[in-house]
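The hints should help you fit chain B onto chain A, whose structure is shown.
Order-wise, the sequence lines are chains A and B. Using my numbering, read the first sequence as starting at 1 and increasing by one per residue. Using my numbering, read the second sequence as starting at 1001 and increasing by one per residue.
Just so you know, these hints were derived from the structure itself, not from any lab. Keep in mind that a hint or two might mislead.
Under 8 Å between C-beta atoms, here's a sample of chain A residues computed to sit facing chain B [stated by the list, open to error]: (1) Asp64; (2) Val108; (3) Gln114.
Built from N, CA and C at the ideal position, the CB exists for glycine as well.
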Amino acid sequence: MNKSIASIIIGAPLLWGACGASFPPPTQRMADAQAAERSARELGANNIPAAQLSLKLAQEQIADAKQAITAGENQRADSLLIRARADAELAVARTREMTARVDGQEAVADSNAQATTNVGQGAVK
Amino acid sequence: MNRLYGTSLLVALTGSIGCATTLPPQDLVMARGAYDRASKGPAPVHDPANLHAAKEQLDVAEASFVENGDTQDTRDQAYLAIRKAELSEVVARTRQSNQAKDVVVSDMHADQKEAVAHTSAELGRTKAQVTTQGAALATQGAALQDEKARREDAEKRASKAAADLAAFATVKQEPRGMVITLSGSVLFASAKWDLLPAAQVKLNEVADALIKEDPLSKMVVEGHTDSQGSVPYNQDLSQKRAQVVRDYLVTRGIASDRITAQGFGPSRSIADNKSPEGRANNRRVEIVVQPGTGR
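Extracted from the complex, chain A is given alone in its bound form:
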């Protein structure tokens, strides 16, 4: 019993080290994060204050991830890219929210203008 526990404790760092060494470059994660970041930019996240910070965080973490990959820290890069993607997706959502809000305001304005026009033209019962 003691022996088996001991072997786990001894084995764990070995296993850890093996993982670190063999962790492949996170190419797919990089592609996913960059795609999300591009979407945010193309939607205009740079022009939406609520989305700017998220976009910036995504971009910084992508840059950090590239450095980490260069430094051979693939696992660290992998984590950074997961975070970057989450930030980019949040930037996309915030941009869409602002677009929806503006659309809603325009719809209300259109509706009011239409109602005024209808009254003005006597086109109401």
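Using the frame of chain A, we list chain B on its own:
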């Protein structure tokens, strides 16, 4: 040897317990707050899927903290939990906005549809009115055209009558009044004093004009001859002729007390009796209208 392993196991466990009792990383505290806020907002109704994913991510972070303590992995998982909670909030608000907008737009379309229906009904009524009015206008136009044709016809006849009248009567303003001079040869045959049929037609027009234009003034019908023949004969002839014309005008409606007759024979010639033309001009009947005399 066994003891040594035992001690290191103890140390490892102690370390593990020590981790569990350390304060949670700031990201994890924020993740709990973010999830708490999201679960109390519109997300449970409008974006339950992302809210659920946020909960699962928070659980991963919590488990990581329990198992490993404040590690980079725990902070990464907590960081993701914050983003997912925020994402569910943002998506839920977006859907709320879109739904509100859809309601506004569909209300607007409904109102618009109603307004269009109302307007097109009004337009239909207006069109019907316009059609009715157009028909009425066409009728009026036709009536006007008829009226115009009638008036033109009447004017044509009137101007012809005036021309005819002018051919046998001249009108002059003189100090003694308006003098209508009628040619004797048109009225009477030579040495006769009964009116020629053509003269009657002309005198009808003169009578109509006198009644219409000047129904009150007094007038005198004067008979004149040329100088051929004896004065008494001509005097008598001129008197008879004036009287015939006067009587005829009375039969045409001129009040008898307005009109008198007088013969002047050759005494008031207006042209030279030596030429045939002069004598023709002297043979005449004059109607002298004295304006204001009847008022």
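Hints, one by one, checked against the model:
1. Below 8 Å, beta-carbon pairs count as interface contacts, and A/Asp64 has none with chain B, the closest being about 13 Å; its hint is therefore violated.
2. A least Cβ separation of about 6 Å between A/Val108 and chain B falls short of the 8 Å threshold, and the interface hint therefore holds.
3. At its closest, the beta carbon of A/Gln114 sits 6 Å from a beta carbon of chain B; the interface hint therefore holds under the 8 Å criterion.
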